[in-house]
Amino acid sequence: MSALADVAVSLRGVSKRYAGRAGRAVDALSSIDLDVRAGEFVSLIGPSGCGKSTLLRVIGDLIAPTDGEILVNGKPAHQARLDRDYGIVFQDPVLYDWRTVGRNIALPLEMLRWDRSTRAARVQEMLELVELTGFEDHHPWQLSGGMQQRVSIARALSLSPALLLMDEPFGALDEMTRERLNIELLRIWERSGSTVVFVTHSITEAVFLSTRVVVMSSRPGRVAAVVDIDLPQPREAETRVAPRFFELVTLVRGRLRGAGAELDVGEAAREEALMLAEEER
Amino acid sequence: MSAIIEPVPPGMFRRAGRRASDWIPAAVVLVGGVALWQILVDALNIQKFILPTPTEIITALRQNWNTLRVRGVATFEVALGGFAIGVGLGMLVALCLARWRRLGRAVLPYAIAANAIPIIAFAPIFNNWFGLLNPVSKMAIASVICFFPVMINSLRGLTSVHPSSIELMRSYAAGEAATFRRVRIPNSLPYVFSGLKVATVLAMIGAVVSQYFGGSRTTSLGLFIKENTAEARFAQAWAAIVVASVLGVGLYLTVALIERFALRWHPSVRGRQER
Numbered sequence: 001m002s003a004l005a006d007v008a009v010s011l012r013g014v015s016k017r018y019a020g021r022a023g024r025a026v027d028a029l030s031s032i033d034l035d036v037r038a039g040e041f042v043s044l045i046g047p048s049g050c051g052k053s054t055l056l057r058v059i060g061d062l063i064a065p066t067d068g069e070i071l072v073n074g075k076p077a078h079q080a081r082l083d084r085d086y087g088i089v090f091q092d093p094v095l096y097d098w099r100t101v102g103r104n105i106a107l108p109l110e111m112l113r114w115d116r117s118t119r120a121a122r123v124q125e126m127l128e129l130v131e132l133t134g135f136e137d138h139h140p141w142q143l144s145g146g147m148q149q150r151v152s153i154a155r156a157l158s159l160s161p162a163l164l165l166m167d168e169p170f171g172a173l174d175e176m177t178r179e180r181l182n183i184e185l186l187r188i189w190e191r192s193g194s195t196v197v198f199v200t201h202s203i204t205e206a207v208f209l210s211t212r213v214v215v216m217s218s219r220p221g222r223v224a225a226v227v228d229i230d231l232p233q234p235r236e237a238e239t240r241v242a243p244r245f246f247e248l249v250t251l252v253r254g255r256l257r258g259a260g261a262e263l264d265v266g267e268a269a270r271e272e273a274l275m276l277a278e279e280e281r
Numbered sequence: 001m002s003a004i005i006e007p008v009p010p011g012m013f014r015r016a017g018r019r020a021s022d023w024i025p026a027a028v029v030l031v032g033g034v035a036l037w038q039i040l041v042d043a044l045n046i047q048k049f050i051l052p053t054p055t056e057i058i059t060a061l062r063q064n065w066n067t068l069r070v071r072g073v074a075t076f077e078v079a080l081g082g083f084a085i086g087v088g089l090g091m092l093v094a095l096c097l098a099r100w101r102r103l104g105r106a107v108l109p110y111a112i113a114a115n116a117i118p119i120i121a122f123a124p125i126f127n128n129w130f131g132l133l134n135p136v137s138k139m140a141i142a143s144v145i146c147f148f149p150v151m152i153n154s155l156r157g158l159t160s161v162h163p164s165s166i167e168l169m170r171s172y173a174a175g176e177a178a179t180f181r182r183v184r185i186p187n188s189l190p191y192v193f194s195g196l197k198v199a200t201v202l203a204m205i206g207a208v209v210s211q212y213f214g215g216s217r218t219t220s221l222g223l224f225i226k227e228n229t230a231e232a233r234f235a236q237a238w239a240a241i242v243v244a245s246v247l248g249v250g251l252y253l254t255v256a257l258i259e260r261f262a263l264r265w266h267p268s269v270r271g272r273q274e275r
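Residue numbers (this note's numbering), protein chains in the order written: chain X, 1 to 281; chain A, 1 to 275.
No incorrect hints appear here.
Listed next, with one range per pair, are the computed distances between beta-carbon atoms:
{"no.": "1", "chain 1": "A", "residue 1": "Leu30", "chain 2": "X", "residue 2": "Gly134", "range": "41 to 49 Å"}
{"no.": "2", "chain 1": "X", "residue 1": "Arg113", "chain 2": "A", "residue 2": "Ala106", "range": "36 to 44 Å"}
{"no.": "3", "chain 1": "A", "residue 1": "Asp22", "chain 2": "X", "residue 2": "Arg24", "range": "54 to 62 Å"}
{"no.": "4", "chain 1": "A", "residue 1": "Trp129", "chain 2": "X", "residue 2": "Ala19", "range": "45 to 53 Å"}
{"no.": "5", "chain 1": "A", "residue 1": "Trp100", "chain 2": "X", "residue 2": "Ala172", "range": "30 to 38 Å"}
{"no.": "6", "chain 1": "X", "residue 1": "Gly145", "chain 2": "A", "residue 2": "Ile112", "range": "36 to 44 Å"}
{"no.": "7", "chain 1": "A", "residue 1": "Glu231", "chain 2": "X", "residue 2": "Asp97", "range": "52 to 60 Å"}
{"no.": "8", "chain 1": "A", "residue 1": "Arg99", "chain 2": "X", "residue 2": "Met176", "range": "42 to 50 Å"}
Calculated lysine to any residue pairs in the SDA-like style (CA-CA distance at most 20 Å, straight line):
{"no.": "9", "chain 1": "X", "residue 1": "Lys75", "chain 2": "A", "residue 2": "Ala173"}
{"no.": "10", "chain 1": "A", "residue 1": "Lys226", "chain 2": "A", "residue 2": "Leu247"}
{"no.": "11", "chain 1": "X", "residue 1": "Lys75", "chain 2": "A", "residue 2": "Arg170"}
By construction, these hints were calculated from the structure, which means they are not laboratory data. Just so you know, these numbers come straight off a predicted model, no measurement behind them. For each residue, glycine too, the CB sits at the ideal point set by N, CA and C.
Use the sequences and the hints to build the structure in full.
Below, the structure written as structure tokens:
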């Protein structure tokens, strides 16, 4: 029982098959087995179309799997969703223009009928956490992309979920903002103590953030390798220039190649691989 | 969270000032246009029955003021009633079609096809259904004309929601009602209002044109125009057109004003430059 309590997400034989055009079914996920321990930061990385976003949505019970068993906090994913056991952050911040920043963060609290003063207190706490104090009366479109994404993270954390699901949350941001938010996210992760499942197509981002990197291969999407990231905590800007960081990046890239991802890796990832190869030489 | 008392956003007065200066060119065009009209009709000696001068129209407006006022109000009531019925039904149908998408997919092609029907052609038939002297026959035309743009725009607004928005609501275990209330309906408002603004214009057209097909003389701006043109009193007809236009513009501006208030959060209303 205690072992079960330590597992935040447990996937057994999870498959997802989409009915494709002209009767040709597409296997998005093929018998995935994966355990995420409570408090871990796990990244899912792989080429476009490897099913990493699908896997994240299956964990969140936003997509039903064709086959397999998913436990979140020891209960079926569907029940976990009904219990609001996780918060989710998408690549697009998905903030509502008709709500101010404060009321966007308060949305999940309103839906659980928290009273006004408790809500206001939590919103302040969240704004502080993502360093946006004083912005609660602004509208989302008055903020930069990075700030909007921080609001989205604050909203996801406002119910203090044990699990945070993130689907390429920094994918649309520039490199500088992304690196700053990476460090900020790690700080939030440490303070909140929640488990994070993080989808990315950036090797460096995955290595920098994670305690474990799950490398996926495409068509059908399956787990090709799992790489433990033994970089010391807390990670800081200097971590990015540590020799061990480059070793792990190289290792993950090797696993991605081994997974047959070489030809399929997205444009951004390919550029990044080239850049890193330069640096290492 | 003070949702009611909002601080004055920076630049609000500057914006208001610029808006006033935006009006000046338009006002100049209006005054200049009317003046040019007056001068050209006099100078080129254009016949009265082709185009009366603005002063003649104003005189006709004064002389027939009581008739025009009564008939204008009655016609406006028809337009407003038709607008209310058409808009209400349009929104209701849009909500149903958005809620039950399968039904929507089955019905929508026909709704779009029906939108292409020249509805005013039904005026004699509606007169037959509801009675020639009954204002409901005219209201029905106005409401059917208003129905389609509101329904189609509302439906588009209710359904063109970012897929992640719906996923987010699902992650909160929100039901259909909550998703509509918190996401789909607010998201649809900019679309709904563009439909409403089109509908205000159509309501007035529907009311006046349907009156051309007969009805009670004492309440009809349309018949006033028809009868006066038949007897070559063109300045009178033009005066009635001015009344109808002012009422139509008034209805449009009222809706536009409500839109400004209802969508005060919308970037197009508040201006992106505040960023």
